[in-house]
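Converting from the sequence shown to the working numbering requires adding 17 to each position, the first position being numbered 1.
Hints may contain errors.
[Stated by the list, open to error] Computed Cβ-Cβ distance ranges for the label pairs, DEER-style:
| no. | residue 1 | residue 2 | range |
| --- | --- | --- | --- |
| 1 | A342 | K261 | 34 to 40 Å |
| 2 | T1104 | D505 | 44 to 50 Å |
| 3 | S762 | D529 | 46 to 52 Å |
| 4 | D95 | H119 | 32 to 38 Å |
[Unchecked claim] SDA-like mimics (lysine to any residue), calculated; alpha carbons at most 25 Å apart, straight line:
| no. | residue 1 | residue 2 |
| --- | --- | --- |
| 5 | K1128 | Q840 |
| 6 | K445 | G268 |
| 7 | K206 | Q285 |
| 8 | K344 | N395 |
| 9 | K79 | F90 |
| 10 | K344 | P99 |
| 11 | K563 | D514 |
| 12 | K499 | G961 |
| 13 | K445 | I343 |
| 14 | K713 | Q840 |
| 15 | K918 | Q686 |
| 16 | K534 | A626 |
| 17 | K451 | P319 |
| 18 | K1189 | N1068 |
| 19 | K1013 | E945 |
| 20 | K1013 | V903 |
| 21 | K890 | S1027 |
| 22 | K258 | R582 |
| 23 | K907 | E958 |
| 24 | K513 | V1047 |
| 25 | K1120 | S1091 |
| 26 | K104 | S262 |
| 27 | K185 | G268 |
| 28 | K499 | D990 |
| 29 | K1128 | S1091 |
| 30 | K344 | L415 |
| 31 | K1189 | H1071 |
| 32 | K907 | G961 |
| 33 | K1013 | P889 |
Hints were generated in silico from the structure; no laboratory data involved. Every residue, glycine too, gets a C-beta built ideally from N, C-alpha and C.
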Amino acid sequence: MAVNLKRKRNEGDNARKVNDEDVSPGQWSGILDASAPEASTSQEASTKPKKPPTSQELRMIKNADDLHHSSLFKLQIDALLPNVRPKYASEQPLKDFLFKLHAFLNDLPSVEPQHPLHAARALLKRGVAVSYPQPVPTEDTKSKVAFEKPSDIALVGSWPDHLSVKSKDGAKYQVDLAVEMPAQLLQAKDYMNGRFFHQKAFYLAVIADAIERSKDIDVTLSYHSSNNDPRLTTLVLDPIKGSKSDFSKSGAQIRIIPVLPSNSCIPQHRLSPSHSNIRLHPRSNGGSHDDSPEYRDSMSAPTPLYNTALLTSLIPKRRLLATHAIKEETEAFSDALALLRVWANQRGYGVGTRPCVHGFEHKGAWWSALLEYLVFGNEHAALSKQPSSYKASKRKPLGRGLSSYQMFRAALDFLANHDFSEEPVFVKTVNGHKFAPAEYEEAFSATFVESSSLVNLLADVPLGSLDLLRYDAQVTLESLNKTSSPEDQFAEAFLKDQRDLASRFDTVLRVDLTSAKPRKQSPHDILEYGSYSLALIISLANLLRKAFGGRAKAIALLHPTSTTRPISRALPYITDIVFIGIIHHPDFAFQLVDHGPAATDSDTVAAEAFRELWGPKAELRRFKDGRITESVVWEVQTNDERAHVPALISRHILRHHFNVEDEAIVTWQSGFDKLIRAPVAVSRLYAGTTMAIGFKGALTAFNQLVRALRNIDESEVPLAISNISAVSEQLRYTSVFAPLPLPPSVRPALPSGASYLAPIDVNIEFTRSGLWPDDLVAIEKIKLAVFERIASSLTSANSSWTAKVAVGDEEIDSDIADAASLQVVTAEGWAFTLRIMNEREPILLDRIIEEKDGLPHITRRPKHTGNGGDYPKALRAKESYLRRFVHAPKHHRAVLALSQKHTVYAGTVRLVKRWLAAHMLLGGHISEEAVEILCSQFFVEAYGSVRMPSSRERGFAAVIRFLKDWDWEGALDVPLYSSEDLPSETLSVAHTGVWKLITQADKEGWVWTSSGPDAVIARRVRALAQASWVCLERMEQGSLTVSQIFTHPTNDYHFLIRLDPNVLPRYTQNVSFSEPVYSNLRNKEYTLRPGFDPASMLYRDLKRIYSNSCKLFHDPLGGDIIAGIWDPALLSPREFRVLGGFSSMPSETEGKSDKRRAMVALNQRAILSEMKRIGQHLIQSIQHSD
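Could you build the full structure based on these sequences and the hints that come with them?
What follows is the structure, encoded as structure tokens:
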């Protein structure tokens, strides 16, 4: 379990203690049931028969499954809840301080009415600023500010109802103290032009000044403005450890919130969403009020957000009473609210130092109101009076006897399916709602009016943030519904931090708004939203959502939440850095054309709005079907650039509407693109040719080969070809680099480091025939003869083709294993390696294997001398045959189908392969097929269609996140294959690998991991993934460099074999390849050698020869280093023995004791000298760490 369950034990007798208050009435406490008589001795307890559970106890056990998903889930919830709530046992110091603070506030002296600016200057001299929001008072302001002691002081919020929940990043619990301003301080017109907020700011500043000068109240004071809105400023009191007012053990801080009295003279009907309560002053050089455009606009423009900010000063007590009522009526409300808020906090819908979703800071009242709405239902009376076009939610109220988990699931279900932009929510009230629903529809993009009928709790939340909330709810529900999934659903829902940008969003942009200048922003907007930065952020969020339309499931703005500031600072800090997180809709995200209104459309408003949104990008175009429409076209050259369309749209909106230059926008897609793209020195040579290259060109060449093989005359080859199967990563879109041919026209101009030609593996199967012999050696010779005929036929029909028969297998050196192949090079420069599948081979191999006693994976001394030496050879040959001819073709088809269904999957595999290769693990320790299966878990149906990555960068981050936490001691089950595409036989062989990748075709899980990675490599992969994840997290600070993730440290190796880059035919694929240095090296005399890679060949030879002495590492993609670590068991001297298995030399400790035998040590220098001799002319130097 992810949650540590701790048992409290008695210090005396270590007996477990159960408090009566912790057990609900009627709950079965098992063997510790308080109703059972205590046993006098342990002997009596052991002999006393145990009573079976009663019917009520059985019912409660069943409810654990029915009401809480599973009994384990219930135990995890029960263990979680106490750890996310305050320790109320340590509350006494806080209570004492609150009593002291209450008395202190009631004794504060009055302050006579005075001009706001004069009052602020007087306080500022004592170090206390007054946070006047805009419009700030001027010298001409006639209203005055004053102070009287509070008419009432009350605890509000979550703390008094014991509903507080721990926030992220060490944020303290909030203890909200509502300080009611006396009614005589207010006037009926204080709702105009921020006059109430001026009075509120002064009232708070006087309290801050009094506490600051008090000797009895020893706390740290600061201001805090939620969402950086100066109108929502509160005074924060933090304890000082060791002081007489220390209440730090409670983990809380106190927020003093000035509120309106219930008998306030401010008329509430003037605060409806449709009223305008801001009057702009005319410009000094303008005319009168009657002819000033700004003044005339302000007279009619509603101020719903301004009115909502004022109304929030009326609801703290009402929300406290409403929450207390539902808590008393619904037993599971407290636990359900805690689960909901923990879930939300883990996803950034709360406070935190990491990027959080804009609009959800200090939204605790909304989460409780959401559950209140689900329990009591909607206010149908008001909605029934609206026009039929006005949609209303028809959700039925929930029962009040549901469990906390059921209520939590109901809340997620509502969030996952509710569209706030189309369906407003009005929580049921006693006397009905005060304002007409139509007013909310016209004023707000999203509506959720709480039960006091005063405040729309979603007034300041952009629709993009709500789209992301809906997406997260859908992902969680999808995960919880997977009852057969092996993943820890509880940890995914409640324990794992889901705020990581790289694995959460398909595209992430980091934007610096310091120099942003909105193209259109009126002074009225700044006053309405509360500040310039808030108006900018909301405008950006709305424009981006409008521009993307159906391209994105969600597009949200994220940034760290607001922080406290000294009381000497009046206004909050400005948010300059924001992140744009985009979750693509895979069907529409990469479309190259955005269509607008037709030219024949009589509605000119829509066309003007389209041109206003897109600016110079909008143009009138005629399409092939004859339509003439307003449109926006995104010009791209390659598929890699097409994946950048969402980022291009974001950049255009930022540039056109906010004058944000490209230098202020950071994306990371280009950094990943460079890693899987051929260097410019190579790609530009193919740009001028007409041949098809890349994956499309490879598939075209393969089809051409298939036709050529099918056209071979039966007189040339005695057997007919029944099947031709591709088994190459280049034909299933998962090779790191797009395949490139080597045509004669390009070869002389290529750099020496780009002369490698990767062959494409192909299997040929002939029709069944009894002509094949019953001898494995003879079968191999016949294969050579058949290949000779095929080669002759292909070169005769295609004079520009070359075909050569090859003998030998790098995997197995055996005369009974498949070792014959045919290398074919087409006229365009594509290379293929053909192998023949013969159904007689496994039968003959089984005959050799079955003659032996014992288990197949154990090699014993043979009882017979006839063919006993062939037994281990037959085992290896059978394993190779099944992997090459049975599993490889079906694996290829499954991966190809997945790549065609989800194009992002192939890109993810390519990046992960590149990452493993850069860290010298791919090929030598981890097979390509294992990587493909590992990545496919995020794209199969069992993973879930909602949370499936829609960009390869996000897919790469998801794999890295999985690898850093993966417990590979257990199996990973990936349903990759379809039911009708399963091999008939699986491998059952000895294995040294520890990654168990189970598929429908491989129930044992060792087909592609039997030889690696072993435990050492698996732990190294985890360590590298953890380090790479730390690099990905730097995205939040803007310091991420993609190349750092793929740069391998070499400090921990015992020796490094450095190869000469000038003789490496794949060096241009190296991560650190520098084009200016190596692009001028040309091949004067080039001999086409498909698959010839001397660095990889040397690595395999050294690995085979010195497998008992060291472990070697190499990057197959142009790596110029072979790194090695010595076997730790050989680093200390040991006794000499014959055939020790490693090169040794006498140890320095020899002769110190006559009783000891001769001691030897690993002869490291001799081994390195042998390696250098083997790699002569290829090895440049060897660096040895003593």
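Consistency of the hints with the structure:
no. : hint                     : result
1   : A342 / K261: 34 to 40 Å  : 38 Å, holds
2   : T1104 / D505: 44 to 50 Å : 56 Å, violated
3   : S762 / D529: 46 to 52 Å  : 47 Å, holds
4   : D95 / H119: 32 to 38 Å   : 36 Å, holds
5   : K1128 / Q840             : 32 Å, violated
6   : K445 / G268              : 35 Å, violated
7   : K206 / Q285              : 11 Å, holds
8   : K344 / N395              : 18 Å, holds
9   : K79 / F90                : 13 Å, holds
10  : K344 / P99               : 18 Å, holds
11  : K563 / D514              : 30 Å, violated
12  : K499 / G961              : 9 Å, holds
13  : K445 / I343              : 12 Å, holds
14  : K713 / Q840              : 21 Å, holds
15  : K918 / Q686              : 22 Å, holds
16  : K534 / A626              : 21 Å, holds
17  : K451 / P319              : 17 Å, holds
18  : K1189 / N1068            : 21 Å, holds
19  : K1013 / E945             : 15 Å, holds
20  : K1013 / V903             : 19 Å, holds
21  : K890 / S1027             : 17 Å, holds
22  : K258 / R582              : 20 Å, holds
23  : K907 / E958              : 19 Å, holds
24  : K513 / V1047             : 16 Å, holds
25  : K1120 / S1091            : 29 Å, violated
26  : K104 / S262              : 18 Å, holds
27  : K185 / G268              : 13 Å, holds
28  : K499 / D990              : 14 Å, holds
29  : K1128 / S1091            : 29 Å, violated
30  : K344 / L415              : 14 Å, holds
31  : K1189 / H1071            : 16 Å, holds
32  : K907 / G961              : 23 Å, holds
33  : K1013 / P889             : 24 Å, holds
Violated hints for the displayed structure, listed by number in ascending order: 2, 5, 6, 11, 25, 29.
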